[in-house]
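One line per chain: the protein sequences are E and H, in this order.
Just so you know, our numbering puts the end of the first sequence at 540, numbered straight through with nothing missing.
Just so you know, our numbering puts the end of the second sequence at 1080, numbered straight through with nothing missing.
Honestly, the hints are just simulated from the structure, not real lab data.
It cannot be assumed that every hint is accurate.
Claimed, not checked - With a Cα cut of at most 27 angstroms, we get these calculated DSS-like pairs of lysine-lysine:
1) E:K144 with E:K208
2) H:K748 with E:K61
3) H:K748 with H:K684
4) E:K302 with E:K289
5) E:K208 with H:K684
6) H:K740 with H:K807
Unchecked claim - Pulled from the structure, derived: some chain H residues nowhere near chain E, Cβ distances all over 10 angstroms:
7) S647
8) R702
9) V707
10) N975
11) L987
12) I1008
13) A1061
14) P1066
Claimed, not checked - A few chain H residues that face chain E, going by a derived Cβ cut-off under 7 angstroms, partial list only:
15) N703
16) E747
17) Y751
18) N754
19) P804
20) S837
21) L839
22) G947
23) I956
24) T1022
25) G1040
26) L1044
C-beta: ideal position from N, C-alpha, C; glycine also.
Single-letter residue listing:
Protein chains: 2
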Amino acid sequence: MSTGDSPSILKLSSDLDIHVRFANPPPDLRAAIMRTQSRLFSDSFQPLVLGRGSADTDQLKNAPALVSLELMLVSGRPARSIVEETNVAIEAKSEAYSLSLRDGNNSAILSANSTLGLFRGLATFEQLWYDYQGIKYTLNGDMKIDDEPAFPYRGFSFDTARNFYPVSDILRTLDAMSWVKLSVLYWHIIDSQSFPLEVKAFPELSEKGAYSANEIYTEDDVQLIVQYANERGIDVVMELDSPGHTTAIGAAHPEHIACASKSPWSKYASEPPAGQLRIASPTTLAFAKTFFASVASNLPGKMMSSGGDEVNLLCWEEDDETQADLAQRNITISDALNQFVETVQGVIAAHDKTPFIKSDMVLTHNVPVLNDTVVVVWQTSEDAAAVAERQLRFIHQPSNYFYLDCGAGDWLGNNIAGNSWCDPFKTWQRAYSFNPYANLTLEQRPLVLGGQMPLWSEQSSSENLDSIIWPRLAAAAEVFWTGATLPDGTSRLGKNATSGTRALARLNELRYRLVDRGVKAIALQPKWCVLRPGECDLDS
Amino acid sequence: MSTGDSPSILKLSSDLDIHVRFANPPPDLRAAIMRTQSRLFSDSFQPLVLGRGSADTDQLKNAPALVSLELMLVSGRPARSIVEETNVAIEAKSEAYSLSLRDGNNSAILSANSTLGLFRGLATFEQLWYDYQGIKYTLNGDMKIDDEPAFPYRGFSFDTARNFYPVSDILRTLDAMSWVKLSVLYWHIIDSQSFPLEVKAFPELSEKGAYSANEIYTEDDVQLIVQYANERGIDVVMELDSPGHTTAIGAAHPEHIACASKSPWSKYASEPPAGQLRIASPTTLAFAKTFFASVASNLPGKMMSSGGDEVNLLCWEEDDETQADLAQRNITISDALNQFVETVQGVIAAHDKTPFIKSDMVLTHNVPVLNDTVVVVWQTSEDAAAVAERQLRFIHQPSNYFYLDCGAGDWLGNNIAGNSWCDPFKTWQRAYSFNPYANLTLEQRPLVLGGQMPLWSEQSSSENLDSIIWPRLAAAAEVFWTGATLPDGTSRLGKNATSGTRALARLNELRYRLVDRGVKAIALQPKWCVLRPGECDLDS
Chain E
1 MSTGDSPSIL KLSSDLDIHV RFANPPPDLR AAIMRTQSRL FSDSFQPLVL GRGSADTDQL
61 KNAPALVSLE LMLVSGRPAR SIVEETNVAI EAKSEAYSLS LRDGNNSAIL SANSTLGLFR
121 GLATFEQLWY DYQGIKYTLN GDMKIDDEPA FPYRGFSFDT ARNFYPVSDI LRTLDAMSWV
181 KLSVLYWHII DSQSFPLEVK AFPELSEKGA YSANEIYTED DVQLIVQYAN ERGIDVVMEL
241 DSPGHTTAIG AAHPEHIACA SKSPWSKYAS EPPAGQLRIA SPTTLAFAKT FFASVASNLP
301 GKMMSSGGDE VNLLCWEEDD ETQADLAQRN ITISDALNQF VETVQGVIAA HDKTPFIKSD
361 MVLTHNVPVL NDTVVVVWQT SEDAAAVAER QLRFIHQPSN YFYLDCGAGD WLGNNIAGNS
421 WCDPFKTWQR AYSFNPYANL TLEQRPLVLG GQMPLWSEQS SSENLDSIIW PRLAAAAEVF
481 WTGATLPDGT SRLGKNATSG TRALARLNEL RYRLVDRGVK AIALQPKWCV LRPGECDLDS
Chain H
541 MSTGDSPSIL KLSSDLDIHV RFANPPPDLR AAIMRTQSRL FSDSFQPLVL GRGSADTDQL
601 KNAPALVSLE LMLVSGRPAR SIVEETNVAI EAKSEAYSLS LRDGNNSAIL SANSTLGLFR
661 GLATFEQLWY DYQGIKYTLN GDMKIDDEPA FPYRGFSFDT ARNFYPVSDI LRTLDAMSWV
721 KLSVLYWHII DSQSFPLEVK AFPELSEKGA YSANEIYTED DVQLIVQYAN ERGIDVVMEL
781 DSPGHTTAIG AAHPEHIACA SKSPWSKYAS EPPAGQLRIA SPTTLAFAKT FFASVASNLP
841 GKMMSSGGDE VNLLCWEEDD ETQADLAQRN ITISDALNQF VETVQGVIAA HDKTPFIKSD
901 MVLTHNVPVL NDTVVVVWQT SEDAAAVAER QLRFIHQPSN YFYLDCGAGD WLGNNIAGNS
961 WCDPFKTWQR AYSFNPYANL TLEQRPLVLG GQMPLWSEQS SSENLDSIIW PRLAAAAEVF
1021 WTGATLPDGT SRLGKNATSG TRALARLNEL RYRLVDRGVK AIALQPKWCV LRPGECDLDS
């Protein structure tokens, strides 16, 4: 991203037209344009300076007004919908765009190779403006941007199983994600605690495994959410975490679960309740195959995950049925695990999707995976290099940088003085300091598809969703859009103390814009500091 | 609190009458009864067990129904309003009540010595009930309670200066506070960052010192808030923090502020911006006198605070005006500080209010205070004993147990890896483990009036208010209502592992009730655990 030399004020004409300058614009682009048009005039965010918008009154009087925004598609290909562009393979996404605010005659030009690129440009365009008493204006009227992401995968991983979130929460989150140009919702939809996903092949799974009849994502809900996401340039990667984290399947199908709710849970699982799929059972393997196929066949995206984290071997060692299956088939538990992963990856691949898997499945259990598998590196950022050595593509989701849930103490009932396992709280600064290329060779860099911050919901729910995500998630969004360094090549939060100050100013602006749009992002500073960037720095 | 032997189911008749069985019930009691009556039937909270309310269907069929609640005043005195009872001296509050649910003829009896006691009983009564498909019922139909608080001062300290909160936030918080029987809102209304309080004698203070014209508590707002609080049994202690934490006064009256916004702020203040009242200046002293009197004269309560924390001596040492004043008057800065405190305490006392002061003013600066002063012990719980040695009454507000804002990293712009100064996050377990009598002799115990959890708002705002307070504040509310030990005399979270589990179950119930009533309290556990108390304990 590069901006013009000196800021110059430009108003938005109240008659602003957004023109599509190519044939047959798809309906979802038209809808996106209407949303932009609406937000341009409903946003009431004023600049974060002393006096807010009133500081610009004098300049506003004689400022020129932008009368149109012209959207151009420069590829020459017929326009495909945003949804179609979103659902191409992750490595083939076309998100670049150019925006020139005053390209003569008080018209702005937004051009891209795809409707998805235009959509990214609209997100930028609609956040350039301030409000003062109904007048919309920018201080960067000469802005010219050539913008594209450093990484195609920029995600948010969302656990809707430990506690349930209404559909409206997810839609609001998708909107906010699109404003910071995130490209993936990685949906950790089910877990051992509850099974809120309606599965066509096995409706009993959610009927018996959800917290209640009101806490289920029906097939229609999932379609709605995926469509809503895709229209906003966001791919949905559904994670059916397995073979661990599956106890809730046992509510309907106890025959598939080993060590179900076995006590003490801490011997058999990372968190309560214990329970894993009986991977050695041919019946369970058949169930898993149908289960994955049933979910995959309803998803348009090109990515899907079988999870695979935190498998507990003792659970299977002490399970009579599993031991009998192993003996009968004359295989080891390791063979069975390999076969399970091979099976579910096969289903995913058969549905024309790239399989995702959690890093411990590869690094701890040495399970062989398909060559194009994407590994979710989660335990620690140190694991990235080991995954890269195996020549596997991966995304960064390190608990020591990106976990949104850390730092609020233990949630077990009687572990009074306990910390959260991933203490301390991951500040925006911590997330923002992440280097996607740390410890990687130049040759390994293409293996990095991007990264994501996860919210695990043991201590979260609808009530604090916005405030635990925002604006921290935007810090990671900037890392994966802008890349390993700042645009000028310097490190993001290096020895240059002012880079943190500048990043904070951007994040403060985003936070106030989010609040203006109804997303309850937390304050990062007293407003006194927000209005005076740098003055709350240490030693200032 | 003692409950009956075995739980027995009791429904609430949809015709339930709440009768006042004494002459001339005050209007605020009548209003409280109407709120209770309304909530009894609008609450839709179901028991936190598997199957929720449906688990009780069979028992519900033939359960007896409560047809009336009879309110008795046993003092024999004429009934005073809740507001009047709330505004008596803290040591004279009458909050005890008795509640007998089925006192023959399907009538319940609630009796107390005061309308405030009746109000506390109503808070208990209205939270006994579950909902199942519109039927309201309790599992403790034989409940008999004799209940009273261990400490009269049970507070929440609220900073509305670092970031501003709309009046509606404060009213909602007061409602929730009353549900857990908190008795004091300690209102840290102004600070160095902003001055949101309209002061009759000096309207320019908020006109120039507030963040904006929309971020001011007008006199009417304050009256509304105090009245609303008092009607809910909550006293309001206004803190005019001084002589530190006053930079915002300088926006209108720069002549009263030493080292205003002096750089680097960290030499002259605990946080930006620097600035303290010129305590040696006779003009400033006169200003402070009028300022305190103007605010005090509009407040009905019997308590008021001059704060006094984090005074910075270098600020005055380097201030030419202060040095000139000291020289001219031939006094030391210590003399000036003593005189300042004597002056503002004098104003508070002259308005028939008990003065509150922060503990460092007494322990660090050895400022002499009035005998009946209440000290706010804040730096560490260890300071309580030192205050007690001086024979001063005090409240507990230790940063190492009760600060709601800790653990989210530093908010200074360039201190990238910094922690919050009071790391780590204070969990509900931490707050709940507090012993109000730790390190005190038996003789010193009467000096403890109670305690409070504060929210400092550097990183908080309207957006996360509910979720950062609730339900943690309820843990402290229980500590100061129930006392130093559990009702059976054992320690609250001692070696008995199940006490934590039982406390968590109570807190989970409260959290779900708060959410049901529209307060966005965070989840403490996955719902799986909530529905199975104890099953998520370690080693279970």
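Going through the hints against the structure:
{"no.": "1", "hint": "E:K144 with E:K208", "in the structure": "55 angstroms, violated"}
{"no.": "2", "hint": "H:K748 with E:K61", "in the structure": "26 angstroms, holds"}
{"no.": "3", "hint": "H:K748 with H:K684", "in the structure": "55 angstroms, violated"}
{"no.": "4", "hint": "E:K302 with E:K289", "in the structure": "18 angstroms, holds"}
{"no.": "5", "hint": "E:K208 with H:K684", "in the structure": "39 angstroms, violated"}
{"no.": "6", "hint": "H:K740 with H:K807", "in the structure": "34 angstroms, violated"}
{"no.": "7", "hint": "S647", "in the structure": "35 angstroms, holds"}
{"no.": "8", "hint": "R702", "in the structure": "4 angstroms, violated"}
{"no.": "9", "hint": "V707", "in the structure": "17 angstroms, holds"}
{"no.": "10", "hint": "N975", "in the structure": "14 angstroms, holds"}
{"no.": "11", "hint": "L987", "in the structure": "28 angstroms, holds"}
{"no.": "12", "hint": "I1008", "in the structure": "8 angstroms, violated"}
{"no.": "13", "hint": "A1061", "in the structure": "6 angstroms, violated"}
{"no.": "14", "hint": "P1066", "in the structure": "4 angstroms, violated"}
{"no.": "15", "hint": "N703", "in the structure": "5 angstroms, holds"}
{"no.": "16", "hint": "E747", "in the structure": "14 angstroms, violated"}
{"no.": "17", "hint": "Y751", "in the structure": "5 angstroms, holds"}
{"no.": "18", "hint": "N754", "in the structure": "11 angstroms, violated"}
{"no.": "19", "hint": "P804", "in the structure": "5 angstroms, holds"}
{"no.": "20", "hint": "S837", "in the structure": "29 angstroms, violated"}
{"no.": "21", "hint": "L839", "in the structure": "26 angstroms, violated"}
{"no.": "22", "hint": "G947", "in the structure": "5 angstroms, holds"}
{"no.": "23", "hint": "I956", "in the structure": "4 angstroms, holds"}
{"no.": "24", "hint": "T1022", "in the structure": "17 angstroms, violated"}
{"no.": "25", "hint": "G1040", "in the structure": "4 angstroms, holds"}
{"no.": "26", "hint": "L1044", "in the structure": "5 angstroms, holds"}
Of the numbered hints listed earlier, those contradicted by the structure are 1, 3, 5, 6, 8, 12, 13, 14, 16, 18, 20, 21 and 24.
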